[in-house]
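The sequence shown begins at 1 in this note's numbering and counts up by one.
I should point out that these hints are in silico values taken from the structure, not numbers from a laboratory.
Where hints are given, some of them may not hold.
For lysine-lysine, the following DSS-like pairs were computed, each having C-alpha atoms within a straight-line distance of at most 25 Å [claimed, not checked]:
1. K154 to K97
2. K154 to K95
3. K69 to K97
4. K170 to K95
5. K154 to K123
6. K76 to K123
7. K106 to K95
8. K97 to K123
9. K106 to K170
10. K169 to K69
11. K106 to K76
12. K154 to K76
13. K97 to K76
14. K106 to K49
15. K95 to K169
16. K106 to K167
17. K49 to K167
18. K95 to K76
19. K170 to K49
20. K123 to K95
21. K69 to K106
22. K167 to K95
23. K71 to K49
24. K169 to K76
25. K106 to K169
26. K97 to K49
27. K154 to K106
28. K106 to K71
29. K169 to K49
Between beta-carbon pairs, the in silico distance windows are [said to hold, decoys possible]:
30. V160 to S61: 15 to 25 Å
31. Q181 to D118: 34 to 44 Å
32. P182 to S53: 33 to 43 Å
33. T115 to E152: 30 to 40 Å
34. E90 to K167: 20 to 30 Å
35. D63 to A145: 19 to 29 Å
36. E152 to K97: 14 to 24 Å
37. H137 to V160: 22 to 32 Å
Don't be surprised by glycine CBs; every beta carbon is placed ideally from N, CA and C.
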Amino acid sequence: MNRRTKTAVLGAALLLTATAASAAASSGSGSSGLSAQAREAAALTGEAKLYRSAGDDITFSFDAHLAAKDKADPMKATGTFEWSHYLNGEGARAKAKVDCLVTGGKVAVVSGVITSSDLPGAKGKRVGITVHDLGRHDRLGYSWATTGSPVETKDLPQCVSSAPFEKVKKGTGDFSVTPWQPDL
Numbered sequence: 001m002n003r004r005t006k007t008a009v010l011g012a013a014l015l016l017t018a019t020a021a022s023a024a025a026s027s028g029s030g031s032s033g034l035s036a037q038a039r040e041a042a043a044l045t046g047e048a049k050l051y052r053s054a055g056d057d058i059t060f061s062f063d064a065h066l067a068a069k070d071k072a073d074p075m076k077a078t079g080t081f082e083w084s085h086y087l088n089g090e091g092a093r094a095k096a097k098v099d100c101l102v103t104g105g106k107v108a109v110v111s112g113v114i115t116s117s118d119l120p121g122a123k124g125k126r127v128g129i130t131v132h133d134l135g136r137h138d139r140l141g142y143s144w145a146t147t148g149s150p151v152e153t154k155d156l157p158q159c160v161s162s163a164p165f166e167k168v169k170k171g172t173g174d175f176s177v178t179p180w181q182p183d184l
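Let's have the full structure, built from the sequences with the hints guiding it.
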């Protein structure tokens with residue numbers, strides 16, 4: 001074989017190998033062993049502090065997931081989310097069990113019922129939070145921005161929140177949204 005033929009054969013072999021590897025990865029039989037079907041239907045994860053010029057210490061964390069098998073029903077989402085808000089040593093914290101998760105692109109709305117809190121009267125109340133995943137400049141909003149404290153909220157429906165008007169404090173964390181892709 002001359003040099004040109006060897007180069008052409010080698011190039012064809014590399015192309016076939018790359019094509020086979022790509023096909024294996026697409027079918028889920030690649031090295032990761034994960035198929036496209038195993039991907040979660042939606043998710044909201046991460047932790048960060050909010051920026052407040054007055055120095056408030058406000059932290060939100062999320063571990064919310066919608067399994068692929070539940071793709072058609074965002075109210076089958078699972079997980080928890082937590083937040084705390086303190087200023088000058090006073091404030092409160094709460095943890096909620098997820099009861100709905102809807103994401104679109106890099107925006108997520110999660111709601112849940114408060115399971116524990118040191119804010120009197122908050123346990124058992126539903127709250128909603130919206131996150132806009134903008135990389136290191138995420139934004140967040142919460143249902144009680146317009147309804148008053150979570151204690152004052154009456155009968156909030158699932159997956160309801162406010163626009164993400166708050167900014168994440170630089171260098172304190174990051175939220176990650178996995179987009180929901182329902183069959184429509």
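Structure-based check of all given hints:
| no. | hint | result |
| --- | --- | --- |
| 1 | K154 to K97 | holds, 18 Å |
| 2 | K154 to K95 | holds, 18 Å |
| 3 | K69 to K97 | holds, 20 Å |
| 4 | K170 to K95 | holds, 24 Å |
| 5 | K154 to K123 | holds, 13 Å |
| 6 | K76 to K123 | holds, 21 Å |
| 7 | K106 to K95 | holds, 23 Å |
| 8 | K97 to K123 | holds, 11 Å |
| 9 | K106 to K170 | holds, 19 Å |
| 10 | K169 to K69 | violated, 35 Å |
| 11 | K106 to K76 | holds, 20 Å |
| 12 | K154 to K76 | holds, 22 Å |
| 13 | K97 to K76 | holds, 12 Å |
| 14 | K106 to K49 | holds, 19 Å |
| 15 | K95 to K169 | holds, 21 Å |
| 16 | K106 to K167 | holds, 15 Å |
| 17 | K49 to K167 | holds, 9 Å |
| 18 | K95 to K76 | holds, 18 Å |
| 19 | K170 to K49 | holds, 8 Å |
| 20 | K123 to K95 | holds, 9 Å |
| 21 | K69 to K106 | holds, 21 Å |
| 22 | K167 to K95 | holds, 21 Å |
| 23 | K71 to K49 | violated, 30 Å |
| 24 | K169 to K76 | violated, 31 Å |
| 25 | K106 to K169 | holds, 19 Å |
| 26 | K97 to K49 | holds, 20 Å |
| 27 | K154 to K106 | violated, 29 Å |
| 28 | K106 to K71 | holds, 17 Å |
| 29 | K169 to K49 | holds, 6 Å |
| 30 | V160 to S61: 15 to 25 Å | holds, 20 Å |
| 31 | Q181 to D118: 34 to 44 Å | holds, 38 Å |
| 32 | P182 to S53: 33 to 43 Å | holds, 39 Å |
| 33 | T115 to E152: 30 to 40 Å | violated, 19 Å |
| 34 | E90 to K167: 20 to 30 Å | holds, 23 Å |
| 35 | D63 to A145: 19 to 29 Å | holds, 22 Å |
| 36 | E152 to K97: 14 to 24 Å | holds, 20 Å |
| 37 | H137 to V160: 22 to 32 Å | holds, 25 Å |
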